[in-house]
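Peer 1: Using the sequences and the accompanying hints, generate a full structural model.
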Amino acid sequence: MSVTAAFFYLFAGITVASAFLVISARSPVHSVLFLILAFVNAAALFILLGAEFLAMILIVVYVGAVAVLFLFVIMLLDIDFAQLRQGSLQYLPIGMVVGAIFLVELILVVTTYVVDPALLNLPQASQAVEGVTNTAQLGAVLYTKYVYFFQLSGLILLVAMIGAIVLTLRERPGVKRQDPARQSARTSETSIEIRKVNSREGV
Amino acid sequence: MPVEITASGIPLYALPALWPALPEIVIAIGVLALVLYGALRGERSTGDVHYAALALLALGFVLVVTSPAGTEVTFYGAFVADGFAKLMKSLALMASIVVLAMGKEHFEKAGIARFEYPILIVLATLGMMVMISANDLIALYLGVELQSLAAYVIASFHRDDARSTEAGLKYFVLGALASGMLLYGSSLVYGFTGTISFPEIAMALSDGASPGVIFGLVFIAAGLAFKVSAAPFHMWTPDVYQGAPTPVTAFFASAPKIAAMALAVRVFVGAFPTIVEDWRQIIVFIALVSMFLGAFAAIGQRDLKRLMAYSSIANVGFALVGLAAGTVEGVQGVIVYMAIYLFMTLGVFACILGMRRGGVALETIDDLAGVARTHPGFAFAIAMLMFSLAGIPPLAGFFAKYYVFLAAVEAGLVTLAVLGVVSSVIGAYYYLRIVKIVYFDEPKGAYEPAPFTLRVVITASTAFMLIFWLAPAPLVSAARSAANSLF
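Quick note, the sequences are listed as chains A and B, same order.
Take the first sequence: its letters are residues 11 to 213, numbered as in the numbering used here.
Take the second sequence: its letters are residues 20 to 506, numbered as in the numbering used here.
These are computed hints drawn from the structure, not numbers from a lab.
Hints are supplied without guarantee of correctness; some may be wrong.
Stated by the list, open to error - 25 Å max Cα-Cα, derived SDA-like pairs, lysine to any residue: (1) A:K186 x B:G61; (2) B:K128 x B:D386; (3) B:K128 x A:L179; (4) B:K128 x A:V176; (5) B:K128 x A:P183; (6) B:K189 x A:A174; (7) B:K123 x A:V176; (8) B:K123 x A:L179; (9) A:K186 x B:R63; (10) B:K123 x A:L168; (11) B:K189 x A:I172; (12) B:K128 x A:I172; (13) B:K128 x A:L177; (14) B:K123 x A:I175; (15) B:K123 x A:E181; (16) B:K123 x A:I172; (17) B:K189 x A:I175; (18) A:K186 x B:E62; (19) B:K189 x A:L167; (20) B:K123 x A:A170; (21) B:K189 x A:L168.
All of these numbers come straight from a predicted model, not from anything done at the bench.
Peer 2: This is how it looks when you write it as structure tokens:
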């Protein structure tokens, strides 16, 4: 067994195990942490396949943004997960059916491939350039050939951001805000007042 | 095509020519500057951003109108600037400018004037320009999304109003569904033809289409029909039109319709010219259902914005009759129709915006009762616009219908044209009822004086309706040369 294969089984095994723990962990925070573990191991699998760009995107987007968002939602919303989970066993049969169908499909595809790969008639993916990372290849087209689509996607994201702010941002009166400029402009003259206090009278 | 292959084996692509997209680039950079200015200055910048956005759109309009004639394709086939794009873009930009100028007072009086509104209008307009110039499926989708996302937000711009919020949410959910259908159809077409570029799709289909392509075409047609609010994909239209702030409704009824109709023409005529017979059935069906649904469903409406929603569904149906012809005359008819529709609908919405009594914006038909006695000029404008929408000669609306029906008859679609005339007679009922209410019902009191911009828009659109028959040549010949650039 080559080293690559050993690493593959290591990462794949941890991915499956942590995916199982995501749905079985009692605490939702533990679930999210196992989800992060699953993502990181899936990213490692991508690296083994030579898709290093996808691996980095997976870490940046899923671990960096999506998982953190999950954590925030769990902390912000007061959801009683124990109550939500009650009675989830009654969905077990239908879940088993879905799983069984998926398993049969996988077995069909794999056995067909084992019998004769030509039967599947898989289309060939366009050949990547040898010896060039796919990050470099993407970079070569993203800002030249696809600059129009790239910039348009940026504008669409800008609209989404403006929309979220327009529809949800509210000025709440009476909220104490931090004003760093005012804080650092404070001097002892503006904030300390020296008074002569007569004895036995108080301020 | 890659310019050269470097030593490391990476193909080098040259930066594509940018100047054919000059209006888009100028507007994009300008709107980024406006966002920055608005974010730094906060709510105090609302007035400045409003006028700057108007100036930016006007600059875009000038750049589009003065752009050189001829067809230019750039961005590796994603963008096309031709006569058709030039004319449709100038119409869409004009609609955006007028809507933006009309809406200022309404937003200020409703207390919801914020600097994001003009910015979102400009971004939506940019999306429309991308749609009009789209020459492949990705540009089509990105343009539609840019325009729609901005539209969802401005539909619920009055965020403390339940109806407005509902309008935005409804529009968003159904719009996402339509985008899904559009993408599904696009992926099927890509899968069966192996290309996303419209001209290459046309080449791949030069000897007929497989059922897979037709399947994809049906989904693309459904997605586009949703975007132009054609029946049977119109369900969102009345609620969104009624719930959104009135200037936003005026916007939805004008500029995006132009862009979506231009996109439909480009997709069907540009990418599928060899299988006209296949998509003609879809368009004929959509056109028929839209015309009749628009005519019948509007009869019972008391709310002017809902009425205009059904009116716009019917009008899209009439315009699609021209597309169903699939000929140069048909496309010419579509362009003329959309241009005249633009003037009519902007005029009507300017009238609705001008109906205000005691600080309250009025929106129902009964509020128009007896206006002829208190505001004779206003009543005359409404009457002319309604006669024109009903298609009564010699007003402009008659010529709009004339050109599409003529094209349909020449393409052999006599039944469709006859049914179209029948539905326009049915539709005339509710337009004429408004004229009757305006002239013969008991008045309920005078309106507040309308702002200057509204007066200008009402006067200009009414004048256009009245004198179009004297000189139809400029618009018709411009539409003709624009349509020729597609074939």
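Peer 1: Now, for every hint given, state plainly whether the structure supports it.
Peer 2: Hint check:
no.	hint	result
1	A:K186 x B:G61	holds, 19 Å
2	B:K128 x B:D386	holds, 19 Å
3	B:K128 x A:L179	holds, 21 Å
4	B:K128 x A:V176	holds, 19 Å
5	B:K128 x A:P183	holds, 23 Å
6	B:K189 x A:A174	holds, 16 Å
7	B:K123 x A:V176	holds, 17 Å
8	B:K123 x A:L179	holds, 22 Å
9	A:K186 x B:R63	holds, 22 Å
10	B:K123 x A:L168	holds, 24 Å
11	B:K189 x A:I172	holds, 19 Å
12	B:K128 x A:I172	holds, 23 Å
13	B:K128 x A:L177	holds, 19 Å
14	B:K123 x A:I175	holds, 21 Å
15	B:K123 x A:E181	holds, 22 Å
16	B:K123 x A:I172	holds, 20 Å
17	B:K189 x A:I175	holds, 19 Å
18	A:K186 x B:E62	holds, 20 Å
19	B:K189 x A:L167	holds, 21 Å
20	B:K123 x A:A170	holds, 23 Å
21	B:K189 x A:L168	holds, 22 Å
Checked against the numbered hints above, the structure breaks none of them.
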